[in-house]
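Since the structure of chain A is provided, determine the placement of chain B on it from the hints.
There are 2 protein chains.
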Amino acid sequence: MTPPTNISRLSLNQYTTFSWNVEDATKGCQRAGLSWIGLWRDKVAEYGLENSARVVRESGLQVSSLCRGGMFPADNKSERQKRIDDNRHAIDEAATLGTDTLVLVCGGLPNKDLEAARQMVYDGIAEIIPYAQERGIKLGIEPLHPMYCADRNVIVTLGQANDFALQLNTAFPEYQTPVGVVIDVFHVWWDPQVFAEIQRAKGIIFGFHVCDWITPLPDVLKGRGMMGDGWIQLRKFREAVDAAGYDGPIEVEIFNETLWAMPPDDVLELMKERYLKEVY
Amino acid sequence: MTPPTNISRLSLNQYTTFSWNVEDATKGCQRAGLSWIGLWRDKVAEYGLENSARVVRESGLQVSSLCRGGMFPADNKSERQKRIDDNRHAIDEAATLGTDTLVLVCGGLPNKDLEAARQMVYDGIAEIIPYAQERGIKLGIEPLHPMYCADRNVIVTLGQANDFALQLNTAFPEYQTPVGVVIDVFHVWWDPQVFAEIQRAKGIIFGFHVCDWITPLPDVLKGRGMMGDGWIQLRKFREAVDAAGYDGPIEVEIFNETLWAMPPDDVLELMKERYLKEVY
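Quick mapping for you: the protein sequence lines, in order, are chains A and B. According to the numbering used here, the first sequence is numbered sequentially starting from 139. According to the numbering used here, the second sequence is numbered sequentially starting from 139.
The shape of chain A in the complex, shown without the other chains (with noise of 0.2 Å):
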């Protein structure tokens, strides 16, 4: 048997028992032996928040972020102060649930103009971080796959989020980093310039998400593999980021429909045991 102490970074993303409320989903890292959850809105919404907060208070977890903020991009200007409000919204939630961490991810494109639609999103961060502050939440900026860049996030590799952090952390002084970036290694893993990234982002990883790339890729969307599945050096990239001072959760998000239609108790077992096998 595995010591206890081995799985104390794991964290359940709920995404990845998809069938399960929140409630579920907390009483499934009980018996698990887990020590976090990672929750999404949608079903924090559905479930609602202050039940919600009181399940998984009770349930003695730790909420590792909270998913999802972002969505900057718009055509119009109301359009963008809507997504501004419903940021505004996104951090009461988080820090009602009682998680430090807001993961963003950032938008897709209103129109043609991808210049454009990454300085929205530079300036909608800009915006809500004063709030964020106040109410004890970090911002963390995920990028996502390439392949998400037109109808999901414009911001596509850790260079580009790591520049906005920093970016943001320097015209914000009177914070100590209240931005970051939240490393998905399904996202980043292709990049050349990845390891040097995660080396770059010393002191402002907010997050780390595993799972894995399975070919033939099953779905756009909800592709993603159980880690060890797939083609991804997960060992290397726990390694880099662990290099790179990061001693947080370690967030396991798999959106897959063979997975979801699974016994949620035995997605916890496979997930643990490969957490073991293949990050750890």
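Mixed in with the good hints, there may be bad ones.
Stated by the list, open to error - The following residues of chain B were derived to be distant from chain A, with all beta-carbon distances above 10 Å:
#1 A233
#2 K250
#3 E272
What the hints assert, rightly or not - Among the chain B residues that face chain A by a calculated CB cut under 8 Å, a handful are:
#4 S157
#5 L187
#6 V294
#7 N307
#8 Y313
#9 W351
#10 L414
#11 V417
Claimed, not checked - Over the 12 Å line for every Cβ pair with chain A, so calculated as not near, a few chain B residues:
#12 A183
#13 G198
#14 H227
#15 D251
#16 Q331
#17 E377
These are calculated hints, taken from the structure and not from any lab test. Beta carbons are placed, not taken as given, at the ideal position from N, Cα and C, and that holds for glycine.
Just chain B now, with coordinates in the frame of chain A:
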């Protein structure tokens, strides 16, 4: 009516009209008033190499490129040698077909060691350079979209392709730029560095391909769109490539089941119209 000179650089990559064999495609290009065609090895093999060379020669069309060499990484030496031999065949075929450019799709992962696979690509290209030069063929490294990194091409950015081409050209000072890059907007449009890298590619741009990125992506492999139907700033790319000194053919290469189901002559008309509206 648009004067025909405006489409003087337009080339039909024959995969855009997938149902046509080489002769059909050649005749279709003539009917459409095109001057260029881009060929694929499987289509050429299906119609016969000598027959293909003859119908193309008789048509007066110029062959913009032959797709594809590459596929270098493999788990053992004998398999890697087979790939090298196949590249020599591809070089022979390119010479027979009367093009000066072989497009390299460099190959995916034989195992999880991404760095080793990239080294195998470098070594493989180095090995075929003398033979390619002997036969009058330039080698164009085409970076593919990162979503193909595991199974098709570990070369995923124009920066990487430039690095390889520039290093290889330095390693073979006896030849004049034996290696260059082929830039397909579908593969590189998302890259924050792409316009800097296009400038850096000055003098080694061996091909330029256009299509569009449509959402939702219909399919990982057959998900490309007709120019103007998606999100890419096509004219900006064409102007950047021109500014870097490229004045060669512009291939339209679209893998898309909906377009493949249309009458191919209609696809060519649409392609010309969109090329003039969106690209040129």
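Checked hints:
With a closest Cβ-Cβ approach of about 32 Å to chain A, A233 of chain B is found to remain outside the 10 Å limit, as its non-interface label requires. At roughly 5 Å from the closest C-beta of chain A, the C-beta of K250 of chain B falls inside 10 Å, breaking its exclusion from the interface. The beta carbon of E272 of chain B sits about 31 Å from the closest Cβ of chain A, which is more than 10 Å, so the claim that it is off the interface holds. Residue-level restraint check for S157 of chain B is violated (minimum Cβ-Cβ distance to chain A is 24 Å; threshold 8 Å).
Because the beta carbon of L187 of chain B sits about 30 Å from the nearest beta carbon in chain A, more than 8 Å, this interface hint is broken. With a least beta-carbon distance of about 5 Å to chain A, the hint placing V294 of chain B at the interface is held under the 8 Å criterion. Nearest Cβ of chain A to the Cβ of N307 of chain B: about 19 Å, over the 8 Å cut. The hint is violated. The interface hint given for Y313 of chain B is broken, as the beta carbon of that residue sits about 26 Å from the closest beta carbon of chain A, more than 8 Å.
The beta carbon of W351 of chain B comes within 6 Å of a beta carbon in chain A, closer than 8 Å, and the hint placing it at the interface holds. Look at L414 of chain B: its Cβ only gets to about 18 Å from chain A, farther than 8 Å, so that hint breaks. With a cut of 8 Å, the hint placing V417 of chain B at the interface with chain A is violated, because the nearest CB-to-CB distance is about 13 Å. Non-interface status of A183 of chain B relative to chain A is upheld: no Cβ of that chain comes within 12 Å, the nearest being about 24 Å off.
Separation of G198 of chain B from chain A is adequate, the least Cβ-Cβ distance of about 37 Å exceeding the 12 Å criterion. The Cβ of H227 of chain B sits about 26 Å from the closest Cβ of chain A, beyond the 12 Å cut-off, so the non-interface label holds. Listed as outside the interface, D251 of chain B is inconsistent with that label: its C-beta sits roughly 7 Å from the nearest C-beta of chain A, within the 12 Å cut-off. The beta carbon of Q331 of chain B is not kept farther than 12 Å from every beta carbon of chain A, the shortest such distance being approximately 8 Å.
No Cβ of chain A approaches the Cβ of E377 of chain B within 12 Å, the least distance being about 14 Å, so the stated non-interface status holds.
This entry does not satisfy hints 2, 4, 5, 7, 8, 10, 11, 15, 16, going by the numbered hints stated previously.
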